[in-house]
Structures are given as structure tokens and as C-alpha cells.
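So the chains spell out like this:
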Amino acid sequence: MVNKRKDFSKIYDEYIDRIYRFVYIKVSSPQIAEDIASEVFSRCWEYYKANTIDNPQAFLYQTARNLVVDHYREKGRTNIVSAEYAVLPDPYDMKEKAHNSSDIAIIKQAITKLSDDYQEVLVCHYIEDLPISEIAKITGKTEGAVRVTLHRAIKALREEV
Amino acid sequence: MTEKDLISGLKELKEIKPRKEWVSLTKHNLLKQESKFSFASIFPYYRYALAGASLIIFVGIFTLSNDALPGDILYSVRKTAEMISLRNSQASLVFDIADRRLNDLAVIAKKDNKKNLQPAINEYQASVSEVAKSLARQDVKKVLENVKKLEDKKISVESLGIVIGEDKEITNALSEIVNRELADLEIRTLTEDNQLILIKVKEDRDAGRFSEALEKILQIEK
Numbered sequence: 000m001v002n003k004r005k006d007f008s009k010i011y012d013e014y015i016d017r018i019y020r021f022v023y024i025k026v027s028s029p030q031i032a033e034d035i036a037s038e039v040f041s042r043c044w045e046y047y048k049a050n051t052i053d054n055p056q057a058f059l060y061q062t063a064r065n066l067v068v069d070h071y072r073e074k075g076r077t078n079i080v081s082a083e084y085a086v087l088p089d090p091y092d093m094k095e096k097a098h099n100s101s102d103i104a105i106i107k108q109a110i111t112k113l114s115d116d117y118q119e120v121l122v123c124h125y126i127e128d129l130p131i132s133e134i135a136k137i138t139g140k141t142e143g144a145v146r147v148t149l150h151r152a153i154k155a156l157r158e159e160v
Numbered sequence: 000m001t002e003k004d005l006i007s008g009l010k011e012l013k014e015i016k017p018r019k020e021w022v023s024l025t026k027h028n029l030l031k032q033e034s035k036f037s038f039a040s041i042f043p044y045y046r047y048a049l050a051g052a053s054l055i056i057f058v059g060i061f062t063l064s065n066d067a068l069p070g071d072i073l074y075s076v077r078k079t080a081e082m083i084s085l086r087n088s089q090a091s092l093v094f095d096i097a098d099r100r101l102n103d104l105a106v107i108a109k110k111d112n113k114k115n116l117q118p119a120i121n122e123y124q125a126s127v128s129e130v131a132k133s134l135a136r137q138d139v140k141k142v143l144e145n146v147k148k149l150e151d152k153k154i155s156v157e158s159l160g161i162v163i164g165e166d167k168e169i170t171n172a173l174s175e176i177v178n179r180e181l182a183d184l185e186i187r188t189l190t191e192d193n194q195l196i197l198i199k200v201k202e203d204r205d206a207g208r209f210s211e212a213l214e215k216i217l218q219i220e221k
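These protein sequence lines map, in sequence, to chains A and B. Anchor point for the first sequence: position 57 equals 56 in numbering that gives the first Met the number 0, and the numbering is continuous, going up by one each time. Anchor point for the second sequence: position 209 equals 208 in numbering that gives the first Met the number 0, and the numbering is continuous, going up by one each time.
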């Protein structure tokens with residue numbers, strides 16, 4: 000159990016930012032993102048204590064996906080993007096680059112208007128730098144399907160922006 | 000916005016990070032319950048072997064102590080086991096223990112084991128003390144049965160040449176029970192036959208024949 004704690008601690012350190020970000024972009028609320036991200040790691044730890052996880056990354060993202068879906072199912076999909084997120088800097092340590100800040104805010108707002116599938120592939124590939132093969136494992140799709148979805152997602156984002 | 004600008008803008012969203020204090024607190028809360036040190040946590044597979052070995056050793060010691068006599072090294076283990084069962088059982092168990100002490104004395108007499116004799120007598124007297132305390136909690140019929148069994152066993156042990164002496168504590172306890180029962184009977188309305196038996200109960204009590212007094216009390220109460 001001591002080794003498992005050590006291993007899980009490393010997993011946590013490696014993925015906490017990424018999972019939080021993944022969830023935050025989908026839910027647009029820091030508080031909800033914290034709650035869901037906590038739950039993701041809690042479930043992971045409970046599972047890990049009794050089992051082995053071959054691919055922690057895929058496990059965590061899949062769990063995060065499922066919990067966001069549950070969240071929307073429970074709360075009802077609300078696509079509110081409040082003005083503060085569009086205009087003001089991110090409250091959680093987002094570096095503001097003067098020449099890009101408005102573009103980033105616009106992109107962030109636009110992403111939330113996309114479907115879950117599109118959001119996921121964009122976040123996983125361009126923000127989290129996950130390869131197509133890994134995204135395929137997380138989403139349960141073929142690599143070919145992921146490539147097609149990615150292409151369509153970028154196109155949809157351009158239309159929103 | 001070109002696709003290139005879009006992708007560049009998406010990458011900027013990497014700057015979204017959670018609060019550092021939330022990250023630390025969440026990790027601490029997740030793992031805090033697992034931080035207790037235990038032998039089993041370090042050697043998870045050994046705990047089953049350890050538990051099994053402990054059980055075998057424990058059972059082995061108690062099995063070996065079953066024949067230990069007063070004065071032997073393992074006698075304390077046997078006595079502990081008896082005391083444990085004593086607390087959890089009914090009052091009549093004290094008679095069983097006193098009976099076992101008399102059995103020990105019989106074994107000692109047959110083996111002519113002088114080394115264990117005095118410790119065994121001491122242990123018997125201690126068990127008699129417990130018997131005396133338990134008598135008040137039992138009904139008259141049970142008291143009579145157990146006292147009689149003990150008395151018969153004592154006679155047979157003494158016939159092997161061991162002098163045990165009078166069980167004064169049991170005698171005193173029987174005296175108290177007889178007086179208690181007499182006090183109860185005297186305020187009741189008795190038949191003429193029972194009134195005559197009551198007179199005889201008092202005669203037995205005054206003569207120190209407490210077992211006989213209790214037998215007559217049982218007759219009245221039938």
C-alpha cells in the first residue's frame with residue numbers, strides 16, 4: 000500500500016492540472032471544475048488501491064468525461080458564458096498576453112458552444128498535446144474517427160469565432 | 000481567424016491552472032487516511048502468514064496448558080483461560096472450576112507429586128472462595144446440586160490421603176442462604192405439614208447442617 004500511495008501521488012501530480020483544465024473548459028466554472036476534478040482523482044484512487052491501472056491517463060480522462068456528462072445530466076446543460084470569463088483574466092493564474100488576450104477569451108468562449116465530442120478532441124489534442132492514438136483510447140473511437148472529428152471540430156470552432 | 004491562429008489560441012489555454020492550495024488540499028485529503036504505518040501495509044502478503052502462525056501458536060499454547068498443574072509454568076495460561084471463560088459464563092461454572100481443582104488434587108495424590116500439592120490446595124481454596132460468592136445468585140435447587148457434587152468429589156479426593164479441610168466460605172454462604180429462605184418462609188402462610196418441616200429446618204440450621212436445611216426448604220416450596 001505504501002508503494003501504491005507513492006505511485007498514485009506521482010499520477011496525481013502529473014495529471015491534476017490537465018484534468019482540471021479539461022473539466023474547466025467544459026463546465027466554465029472554477030468551483031464545479033474543482034469538484035469534478037476532485038471526484039475524478041478520488042475514484043481513481045479507490046480503484047487503484049485494489050487494482051492496477053495500465054493507462055492512468057486514459058482512465059482519468061474517461062472518468063472526467065463521464066463525470067462532466069453526469070454533471071450536465073443532473074444540472075441541465077447551461078451554456079452560460081458570463082462576461083467576466085470573456086473579458087477578465089482567468090482567476091486561476093492564467094497568464095495574460097496583451098496582444099492575444101482578447102483572442103484567447105474569444106476562443107475560450109467559442110469552445111463552450113461546441114458539442115462535447117468536438118470540445119474533447121480540441122482540448123485533448125491542442126491543449127493537452129495528446130496524440131491521436133491516446134485520444135482514441137479515451138473516447139473509445141478509432142484513430143481514423145478521431146482524425147475526422149478533429150478536422151470537423153476546428154472547422155466548427157472557426158465558425159463560432 | 001485562420002486555422003493557425005485558432006490552434007495557437009487553443010494552446011494558450013494551457014495557461015488555465017487550478018489554485019495551488021486546492022491542489023495541495025485535495026491531494027492531502029485523498030491520501031491522508033492511508034498514511035498510517037502498519038506492519039501489514041508494508042508486508043501485505045505476510046499478514047496472512049503472520050495471522051495464521053499467530054493462531055497456531057496461540058492454540059498450541061492453550062492446548063499444552065490444559066494439563067498444567069498448579070506450580071507448573073503453563074498453569075498461569077490455563078488459569079487465565081479459565082478466568083476468561085468464567086467472566087463470560089453463568090455462575091455454575093465456578094463449580095466446574097472448583098471441581099477441576101479437586102481433579103488436579105486427585106492427580107497429584109495418585110502421582111505422589113509433593114511439589115504441586117500445596118499450590119494445588121491453594122488454588123482449590125481460591126476456587127471455593129469464588130463458589131461461595133456465586134451461591135447467592137443461584138436458586139436453592141441449583142445450589143444444592145452443585146454443593147453436593149463438590150462435597151462428594153472432595154470426599155473422594157480426601158480418601159486418597161489429601162487433607163483439604165473445611166470449606167468455611169461455602170459453609171458461611173449456605174448459612175446466609177438458609178437464613179434468607181427462612182425469613183421468607185416465616186412471613187408466608189404454610190400448611191400444617193410445612194410448618195412442621197419449617198421447625199426441622201431451623202433445627203438443621205442451628206446444628207450447622209445447612210445442606211439438609213436447604214433440602215427441607217425445597218420440600219416446602221414444592
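To be clear, the hints were calculated from the coordinates, so they are not data collected in a lab. Warning: the hint list may mix true and false statements.
[Stated by the list, open to error] Which residues of chain A face chain B? A few of them, derived with a C-beta cut under 10 Å, are:
id	residue
1	F7
2	S8
3	Y11
4	D12
5	I24
6	I31
7	E33
8	F58
9	R64
10	Y71
11	R72
12	E73
13	I106
14	A135
15	L156
16	V160
By construction, the Cβ of each residue, glycine as well, lies at the ideal position given by its N, Cα and C atoms.
Just pull the numbers of the violated hints for me, sorted ascending.
-> Per hint list: 6, 8, 9, 10, 11, 12 and 14 violated.
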